[in-house]
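Chemist: Protein sequences, first through last, are from chains A and B. Sequence positions in the first sequence follow the working numbering and run 257 to 1050. Sequence positions in the second sequence follow the working numbering and run 16 to 163.
These are computed hints drawn from the structure, not numbers from a lab. Only a predicted model underlies this, so the values are computations on that prediction, with no experimental measurement involved. Treat the hints with care, as some may be off.
[To be verified] Selected chain A positions facing chain B (Cβ under 7 Å, derived; list incomplete):
#1 Asp402
#2 Glu405
#3 Ser407
#4 Leu431
#5 Leu433
#6 Tyr891
For each residue, glycine too, the CB sits at the ideal point set by N, CA and C.
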Amino acid sequence: MSAARKRKKTPAKKQSAPKASANKKPQRRKSPARKKASRKKNARSWKSPVLSFSIVLLLIAGAYIAYLDHRVTEKFAGKIWSLPSYVYARPLELYVGRSISVPQLLQELKLANYKKHDQAPSLPGQYRQLDYHHFQLISREFAFADGMEPSRFVDIQIRQSRIVALQDGNSGQPLDLLRLDPARIAGIYPSQARDRQLVRLADVPDALVLALVSVEDRRFYQHWGVDPISIGRALLANITAGETVQGGSTLTQQLVKNLFLSSERSLWRKINEAIMALMLELHYDKSLILETYINEVYLGQNGASAIHGFALASQFYFAKPLNRLSVDQLALLVGLVKGASWYDPRRHPQRALQRRNQVLKHMLKEQVIGDEQYAELLRQPLKVVDKAATYSNRFPAFIDLVMRQLKQDYAPEDLQSAGLRIFTSLDPMAQLAAEKSASRIIPALEKSRQQVEQLQTAVLIASPNNGEIQALLGDRNGLASGFNRALDIQRQIGSLIKPAIYLAALQQGKYTPASLLDDSPLRMQGRDGSIWNPQNYDKQYLGQIPLARALVESRNVPTVRLGLDVGLKDIVATLKNLGLNKKIPPYPSIMLGALDLSPMEVASIYQTLAARGFHIPLRAIRDVVNSQGEVLKRYPIDIAQTLDERAVFQINQLLHLVTTRGTARYLKNRLDVDVAGKTGTTDDLRDSWFAGFSEDRLAVVWLGRDDNQGTGLTGAAGALRLWADIMQQIPLQSLQLSLPEAMEMHWIDWQSGGLSEQGCKAGVELAFLPHSQPSQRATCSTPSIFERLKSLFK
Amino acid sequence: MACALLLSQLSGCSMPVCCGPPPASDPLEQLNRADRIDSPVMATLLQQADERIGQQQWSQAASILERALRINSRQGEVWSRLALVSLQQGRFKQAIERARRSSSYAGDNKALLGANWQLMAQAYEQLGQEEKAQQARQKSQQYRESWF
């Protein structure tokens, strides 16, 4: 205001000056009035530059103060903090009949940060295991995208890996459904890596406020942001001591420093700090300033992540919410304000204890606590918990996928600062099973082949019916980040391509599962004169065999013949309909899998088979919610029927046979549910693949070496073993092959493809379109002794 | 608004009906009539979703229905409600695909198959594909007749 007034006066002075100087007529006699005017003129002549300079200086100072004021108000009016975004796993749904073992429930509770108690749980987030099968827990209230899930006290009983009772813990009434709050699996932090947990002043214990004010700024409620008395006292103390022993900064100044300024020790920074503190106090009341301080102050370091604010520090040091801390614990936190690293209670417990006791002494002095309480509090140990495992990147491959999908819709700055909550489809049960299996199967495979840590893997598990990715391994070590093989390797897929060729053939209508294919030597000449001589894996030829058998036993030569007849154009079209969204080279060699794909692309193809011809793009995110709980984006199921349901059904029947009598018959005795799948092996055993599905889960496993050398493993000897080990650990629904409308089942002889009698040992029951079954009949021959012996040794 | 539009159009689908049950005045009511839910979990979630549909909270309804599908993906009744939600959201192609998916799980539930064809007719109509809409209406009618 004063600057503005001065600005108004300035032009008037400037106008009067030229008038005076213009009067240059010689004056012989000067009247007293003229003398006075002349004196004024002389005075102006030396005063005006000083005045002008002062005015400019004041203008600059005013502008600078206005700038600082703007900085203060801008930050406070908007978001004071960058809130990191958090990524959540899928919530665990509990209902009677749900498959879950006791160890799996314990694992889920641990990941969702539930704490075990010996007594009945009394707070949300606690559970008690009454006996091995019987649990009581209090779930936490949680805002999901579709509404609030209230906190509940529940009683859960598990028998034979299934929930058999779910009741309200108080009333004993049965509960239909309970959704636990999901595990937080990652945080997306700003570049300074600051974690946050905000608390309202009303929820802050009084003892903390009193302790903080008594220790850091006794005159907080009296001063205007800067406290000359404190500064004077500090100055005196520092001069007496000959070094800096006391600071005179108010809480407001400390806050200003933390929010706006660097930590450099300079006069200029101090001046800025003082001006901004005054501005802050001018615009905002004490309670907002205090609340902001309580949420901002630096109180520790968790790896790369800084601990700011008392609420987060309370969790970090005591694993408790702030309002449940005892006075001695609050005193410890207040003590850390002076130097969180120097007084770190984990690294320097003795130093921390002394500091805590100093704070308690202050509290006694300010009569926050009485003598008796003081004596009692001094006897308390620090009670700091062990540092919890940090899950900042517990599932790196999956989080990598989430980040890639998020970056399509959000700017990195928004992800780091807007406090988003990202709900994903990660199923910890499936993910941890995949990690566990990889860590035990891969070394065993290497040992059996005398290889040393050369094998690598990629695993993707998804729900075929909604496209949600449940687990992702991009490395044999689930904790390793970096190269995400599940998304980024491009490897030949070998026989994994065969279902697409057979599907194309069945869709054309020329072929049925009983059509005979020629399994005899084949020699082809390319346009450039090169010779292609495809071979079966066993180097044998079986003559005329049914189409079904050629796929189930993964015969290469009849597949090439079939593919040539179907035509590359139809095969490529079928691959596209299966969900392969890339350019496919139209070479005959693709019929034997000379097509480079990632495990994710393979999963996309097999999802369409598993979902009976309905393609759903694979996704890892369900919803993105903002810090106010509003849904910003949903990633809904986007489904499209791209293939004939009946032809897909026929293929799925054959893929089921692969797991009972074909190349993956190893599974027959490994799993107690029906599944379907296909093995894949590439030249020189470089890549070992298995892609398979139950009713509710699809999994693709790749094993190979980063240097693309041979692994010594076929699909059946390598990837299939890992696949089976993973699937055996997680709940699976048996594959349900319900016959589509307008199809009929017929028994077919496995050797000749003729109609066989029901129940023939050498026969299989397969689906046909009406009137497409073979007309010739086969005798119900049992397999020859030679074949039976052969099958025994397979 | 969208609901009113749908209702008026669905009642327009009633055409001359000589036999079978009277057409449902509300598509949701029609789906309710087709329900063959025997699981209490599914029944609870469908009830929640129906409440949201009734309040025209399409996004929340979709979230609840997708939650139900995660528990049982073979529930045709859930897919048909998702088709209804897509229709209301103006995602007509998706409504058709979801209704198809529902039918693939409908088995011999003719009421559900009929309701799905009716939803598809509605979506085709919105897409300006009158011929397909007419065919779908006829199919819906056939199921309604064979139902009784």
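Chemist: Give a verdict on every hint.
Modeler: Against the structure, the hints:
no.: 1; hint: Asp402; verdict: 4 Å, holds
no.: 2; hint: Glu405; verdict: 11 Å, violated
no.: 3; hint: Ser407; verdict: 19 Å, violated
no.: 4; hint: Leu431; verdict: 10 Å, violated
no.: 5; hint: Leu433; verdict: 5 Å, holds
no.: 6; hint: Tyr891; verdict: 10 Å, violated
Of the numbered hints given earlier, the model fails hints 2, 3, 4 and 6; all others are met.
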